[in-house]
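Asker: Residue-level listing of the chains:
There are 2 protein chains.
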Amino acid sequence: MRTGIATVSLSGVLTDKLAAIAAAGFDGIEVFDNDLIASPLSPREVARRCADLGLAIDLFQPVRDVEGVPPDRFDAVLHRFGAKLGVMEELGATTVLCCSNVGADALDDRDLSAEQLHRLGDLAAECGVTIAFEALAWGRHVDRVGQAWDVVRRADHPAVTVAVDTFHLLARGDDGAALAGIPGDRIGFLQVADAPLLDMDVLEWSRHFRCFPGEGTLDVAGVVAATLAAGYTGPVSLEVFSDVVREADPADTARDAMRSLLLLDDQLRATLPPAPVAVEPAFLEVPAGRGVTPALRALGLAPVGTHRSKPVTRWSNGGVDVVVNDDDAAELSLGVTAAPVAGIAERAKALLWPEVDRTRGAGEALLPGIGSPSGLHLLVSAEAGGPDHWADDFVGTAPAAEDLVAIDHVVVAVPTLRLNEEVSFLRSLLALEPGAPEEFMEPHGRLRSRAFRPRTGGLRVVVNVEDTGAAPATGITQVALACSDVRARVRALRDAGVPLLAVPDNYYADLDARFGLDAELLADLRAHSLFYDRVGDGELLHAFTGPLATGFHVELLERSGGYDGYGSAGTHVRLAAQRSAGQLASGG
Amino acid sequence: MRTGIATVSLSGVLTDKLAAIAAAGFDGIEVFDNDLIASPLSPREVARRCADLGLAIDLFQPVRDVEGVPPDRFDAVLHRFGAKLGVMEELGATTVLCCSNVGADALDDRDLSAEQLHRLGDLAAECGVTIAFEALAWGRHVDRVGQAWDVVRRADHPAVTVAVDTFHLLARGDDGAALAGIPGDRIGFLQVADAPLLDMDVLEWSRHFRCFPGEGTLDVAGVVAATLAAGYTGPVSLEVFSDVVREADPADTARDAMRSLLLLDDQLRATLPPAPVAVEPAFLEVPAGRGVTPALRALGLAPVGTHRSKPVTRWSNGGVDVVVNDDDAAELSLGVTAAPVAGIAERAKALLWPEVDRTRGAGEALLPGIGSPSGLHLLVSAEAGGPDHWADDFVGTAPAAEDLVAIDHVVVAVPTLRLNEEVSFLRSLLALEPGAPEEFMEPHGRLRSRAFRPRTGGLRVVVNVEDTGAAPATGITQVALACSDVRARVRALRDAGVPLLAVPDNYYADLDARFGLDAELLADLRAHSLFYDRVGDGELLHAFTGPLATGFHVELLERSGGYDGYGSAGTHVRLAAQRSAGQLASGG
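Sequence lines, in order, name chains A and B. If you read the first sequence in full-length UniProt numbering, its first letter stands for residue 1, the second for the next number, and so on. If you read the second sequence in full-length UniProt numbering, its first letter stands for residue 1, the second for the next number, and so on.
Please keep in mind that the hints were generated in silico from the structure rather than gathered at the bench. Glycine included, each C-beta is placed from N, C-alpha and C at the ideal position. Honestly, I wouldn't trust all of these hints.
[Unchecked claim] Which chain A residues face chain B? A few, computed with CB under 8 Å, are given here: (1) I37; (2) A38; (3) A83; (4) G445; (5) D505; (6) A509; (7) D510; (8) R514; (9) V573; (10) A576.
[Claimed, not checked] Label-pair ranges, simulated between beta-carbon atoms: (11) B/D243 <-> A/E45: 39 to 49 Å; (12) B/L521 <-> A/A350: 48 to 58 Å; (13) A/V535 <-> B/A19: 33 to 43 Å; (14) A/A523 <-> B/G103: 28 to 38 Å; (15) A/D485 <-> B/P354: 53 to 63 Å; (16) A/E346 <-> B/G516: 56 to 66 Å; (17) A/G92 <-> B/R290: 43 to 53 Å; (18) A/E45 <-> B/S484: 30 to 40 Å; (19) B/G184 <-> A/R491: 51 to 61 Å; (20) A/A523 <-> B/A19: 32 to 42 Å; (21) B/D537 <-> A/A350: 54 to 64 Å; (22) A/A401 <-> B/E45: 44 to 54 Å; (23) B/L521 <-> A/V356: 53 to 63 Å.
[To be verified] A few chain B positions that, by computed beta-carbon distances, are all more than 10 Å from chain A: (24) L107; (25) E126; (26) V277; (27) A288; (28) R308; (29) T313; (30) A339; (31) L367; (32) E438; (33) G538.
Sequences and hints are given; from them, build the entire structure.
Answerer: And the structure:
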């Protein structure tokens, strides 16, 4: 698959964009005319810069409102188009995207449109240029790919082809079937973009909410597959506008964009090492520091082993393991088990996810480390019983089962502009699947939250974005530990002097209003500072510490009756309580 | 008009909200249940806090999904409603807002809904409480005020009334006429909110984009007038949710909210000192500092007078006046002429716009100073020829006419969260009218821009918001000066060593493509670093300096043929050029 991206898809000035696109390994670009117009580089200088960077200029775009034009004004179109052909000659570009007319005065006359495109085709052909004619989803009279193809067919000119844009096509409710009957060599260009399904004006949707394939909900792969099946052999080129890419770092955007094409290609042709099918939480790695040991002891963990070659101690309580690293360079990390370990490391590398530097002694577990955009460090271990299991690197007593059952979930906070990338990390590397997005009021803004889980396996990761104007926390901000008896664990924490988040009395009054709880349970919840939720027969009881010396808040929870959520109904209360307590409101 | 506001309309925790609401002078509040639930204060403590602050609790809201409930689950509703009545008793609140059912299982049976509301009415009446039943615009079966009134009429209970909410009513396409036939004493509560007209899902629109009356485009005043005409005598209470109010400072929001009610009241009953009908730009006041004098000289201004009592010098060139203030506390300010001066000062005071401290010598012009949310200082002078004209405070030679014609417009930058307030300043104090909102790509984000002008008079103010992630500039960032010969003024600036913003050659190539300019004009534009625009017979030629020692960029412009805009087609080029030159991209 030949990869491309439009310069409009990144922030910065043109030279910033070209550098970022080249660094991410793209084959070619679409030059967005406004980027060129605003650049101090001449078209020839841009062409030279691209050549130096190894980037082909696959498309010049857009030229607008060129067909369906009232005949008395078509001379101005010819002048404008001719001028842009001159620019293209200097750029060395040989395909130009022409969009369907959006003008209020556009004429609804396909023969006229065809005739005008034919005349432009003559001009283009003289310069060795091909026109790709695109149906904008908000075109005045041509807004579907089938209509654009009809005009191109009538134009009947070798230099006039149709453009396929997945966003415009899918936004109008078409799918790959809309390309039936279009020969592949009559498709002049393929632009790809995804978007979340939003019920709003299509132009605003397109301008502000497009995203890279796989980050939205449109069937981009289906349209790309149909285009390739028709025989199209040109670039698969990303054209994404959004409030996010306008502001994000262009290097980040370019990598995120390239990954989306790697995943798209994998979806169509299985080109990547396969994703793991089951991922389980295994351990947390915590940098050593003042207060860490007391915090772990208060949670009922005890030291049970030391690492063979590193200054690392394993602490354990039942199903929960924490390794404490005395190395100054240690980072808060999440260990998971998944198979095959080497394959996941290769998949991460193929997807451009950065490796986290780790030394490794002879005979020790492979344990590759991979960094996410939020700064989450993921360490991948094999399951117990085979080679490359993390725990085999430790010498010591086997842990006795106690009252902690498992790491239930981990909450990761990410800045707004990097949310798409973090989601891509979880989906692309680990094949985690997203739950429904949720949004909570926070006293100084909003918290957007989404839970991710593998199709099989017990890992749960909640990704949070805070829109509060303040600099957000990043990486792991909260770890939820499943307890066999959450009340007992709360009491033990209190005995150890660890205060729990104070829950307002009004919350319990509201619980009673909503659920009609019996007085004893209500008193018990209140006495243990527990939040409560119920869905059908399922119940959740959970409590929160403040930020611990471990670097994260701890949530203690007990699920029963098949409760599968995260206590969303009480989240706004917890956020306000955390804000009142002066804690960062970044838990989830 | 009795004024109220819902606590959900402000950011912060409940106690922050109450303090901000009281400081802005509201009569009463709506207690948003979730605010109470998340508060560590008991309902009685909240009641006491409100009493201390002089705030009545006019409404408790909302209780959801209480009618159209499958009968086997109505007992749970009675339990929930009863519990909330208990809370209300402690709060001392006597009106409760019940929203129409949004549940997928809600029954479409008005008699059932009426019967259920009747039973709730019995419970409420026992506690001295009245129910106000509201049709949510996204209610499952009751989504228009007429339907809610039909249910209330059938419920036939003195404690069951209908609520009017301007947003819900107008969002469904109704207007004040929808209230025909509803007696005023059967309207239990009036909630007001405005919104910009957006083509999107109503629930999302409501959650994220509501604003205070006059800040959107809905006919809020019409519905309020109809409600009052029906005989409603209760509070006019603001209920606004938005991404802005979630994050903004609650004190700012509360003042902005109160102003919107003062303006609404004025619209209905002419309660404020009248707004000026004509406003003209008069002068700029600039703090003295290194480089200011050379910058003014380069612009062709010369000193023509000194202030009678202050260390202030008047500089002039034709129709442009700048006063340079040697006082250390001087701020960049805009002087305007408008009448009547004293009335405008009173209007500013009535609308809670802060006065800017100014000393004034005996016999000198009144010249009241008023501060806008962006930090713009506005000084209001009478016209020449009468008392209170600013220029009469200066002694010196009368300025000779030269090549500057007038202050064409002033660009004011404002942080995103304060845009609504800044707009309110221009509209409420000066009765300026907004043009269409525009949005421009900036290399690191977006620039949103809107021009304001009086119905009569020459003042033009452009308000800009930068969404670039960086801390935005605020206050006056650019001043556009109209020139009789912009080319000559550009040459004079260059002779004086003031560089102009470099315009990329590609821009001129595009100009030619778009307009087919003759070669001589094109060469001339290029030689003078001029931007160009044409609409019909109108033309705009304009050039930009970098930021000067005056504290703002200067735009030099020449309009002809009735050109009335701001050169929007070239704005993205200018923004990129300013970014490339390392200048703040905050001009407009």
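Asker: Please go over all the hints and tell whether each is borne out by the structure.
Answerer: The hints, checked one at a time:
1. I37: holds (5 Å)
2. A38: holds (4 Å)
3. A83: holds (3 Å)
4. G445: holds (4 Å)
5. D505: holds (6 Å)
6. A509: It holds, given that the least Cβ distance between A/A509 and chain B is near 7 Å, below 8 Å.
7. D510: holds (5 Å)
8. R514: OK, holds: A/R514 within 8 Å of chain B, min 6 Å.
9. V573: Since chain B brings a Cβ to about 5 Å from A/V573, closer than 8 Å, the hint holds.
10. A576: holds (4 Å)
11. B/D243 <-> A/E45: 39 to 49 Å: Roughly 42 Å apart at Cβ, these two residues keep to the hinted range, so it holds.
12. B/L521 <-> A/A350: 48 to 58 Å: holds (55 Å)
13. A/V535 <-> B/A19: 33 to 43 Å: holds (37 Å)
14. A/A523 <-> B/G103: 28 to 38 Å: holds (31 Å)
15. A/D485 <-> B/P354: 53 to 63 Å: holds (58 Å)
16. A/E346 <-> B/G516: 56 to 66 Å: holds (57 Å)
17. A/G92 <-> B/R290: 43 to 53 Å: Hint holds: Cβ distance 50 Å, inside 43 to 53 Å.
18. A/E45 <-> B/S484: 30 to 40 Å: Once the Cβ atoms are compared, 38 Å apart, the range 30 to 40 Å for B/S484 and A/E45 holds.
19. B/G184 <-> A/R491: 51 to 61 Å: holds (58 Å)
20. A/A523 <-> B/A19: 32 to 42 Å: holds (33 Å)
21. B/D537 <-> A/A350: 54 to 64 Å: holds (60 Å)
22. A/A401 <-> B/E45: 44 to 54 Å: Because 46 Å falls inside the window, the suggested range holds.
23. B/L521 <-> A/V356: 53 to 63 Å: This hint holds: roughly 60 Å between Cβ atoms.
24. L107: The claim stands: B/L107 keeps its Cβ more than 10 Å from every Cβ of chain A (closest is about 21 Å).
25. E126: holds (17 Å)
26. V277: holds (34 Å)
27. A288: holds (35 Å)
28. R308: Holds, since 46 Å exceeds 10 Å.
29. T313: Its Cβ never comes within 10 Å of chain A, the nearest being 39 Å, so this holds.
30. A339: For B/A339, whose nearest Cβ neighbour in chain A is about 41 Å away, the distance exceeds 10 Å, so it holds.
31. L367: Holds, since 36 Å exceeds 10 Å.
32. E438: holds (13 Å)
33. G538: holds (18 Å)
Against the hints set out earlier in the document, no violation occurs for any number.
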